[in-house]
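Participant: Sequence:
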Amino acid sequence: MNIRPVPFDHPDAVKLNDEVQAEYHVRYGDGGDATVLAPSDFQPPRGVYLIAYDGRDRPVATGGWRSQDHNDEGNEDGDAELKRMYVVPEARGRGLARRMLAALEEDARAAGRVRMVLETGTQQPEAVALYTSSGYEPCTKFGYYRHHEASLCYAKPLRQSR
Numbered sequence: 001m002n003i004r005p006v007p008f009d010h011p012d013a014v015k016l017n018d019e020v021q022a023e024y025h026v027r028y029g030d031g032g033d034a035t036v037l038a039p040s041d042f043q044p045p046r047g048v049y050l051i052a053y054d055g056r057d058r059p060v061a062t063g064g065w066r067s068q069d070h071n072d073e074g075n076e077d078g079d080a081e082l083k084r085m086y087v088v089p090e091a092r093g094r095g096l097a098r099r100m101l102a103a104l105e106e107d108a109r110a111a112g113r114v115r116m117v118l119e120t121g122t123q124q125p126e127a128v129a130l131y132t133s134s135g136y137e138p139c140t141k142f143g144y145y146r147h148h149e150a151s152l153c154y155a156k157p158l159r160q161s162r
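If you count the sequence shown from 1, position 156 lands on 156 in the UniProt record's numbering, and the numbers rise without skipping.
It is possible that some hints are incorrect.
[Stated by the list, open to error] Derived lysine to aspartate or glutamate pairs resembling EDC-like cross-links, with alpha carbons at most 20 Å apart:
#, residue 1, residue 2
1, 15, 57
2, 141, 73
3, 141, 72
4, 156, 76
5, 156, 126
6, 156, 107
7, 141, 77
Hints were generated in silico from the structure; no laboratory data involved.
Fair warning: this is a prediction, and the values are worked out from it, not measured in the lab.
Take the sequences, apply the hints, and build the full model.
Facilitator: This is how it looks when you write it as structure tokens:
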């Protein structure tokens with residue numbers, strides 16, 4: 001697997017984003033994630049968007065993070081918000097999501113972010129299992145879906161305490 005940064009509006013990113021949105025619609029019946037995202041959200045050093053390509057150069061996994069600081073949606077200074085984690089169905093079960101998550105955490109840490117935060121939902125038990133097994137713990141709800149009952153928010157410190 002080859003993980004590389006791409007712009008959020010890269011054709012492969014758009015393709016995988018469309019696929020994850022379709023999956024959200026199937027799971028929640030709401031048309032997909034309505035969180036507003038812009039390509040500029042993922043431009044270094046304030047974020048990054050990664051795609052994993054298989055040995056045939058096909059995009060098989062994706063994810064990004066964007067900087068968030070204290071705001072009216074519940075974020076805190078130094079947050080890196082995880083967005084659009086997704087693995088295509090035929091590539092699941094191979095550890096790609098875990099590798100993508102580790103790459104995103106490392107990139108956010110190198111950019112000086114202090115906490116990785118994410119929002120997922122009750123209809124994504126695989127995501128919850130990945131995040132909790134990777135050291136994420138429930139946190140105060142934040143973001144677009146913070147008032148939704150099906151929303152679950154998690155956080156993980158990116159810096160070691162001294």
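Participant: For each hint given before, does the structure comply? Return the numbers of the non-compliant ones in rising order.
Facilitator: none
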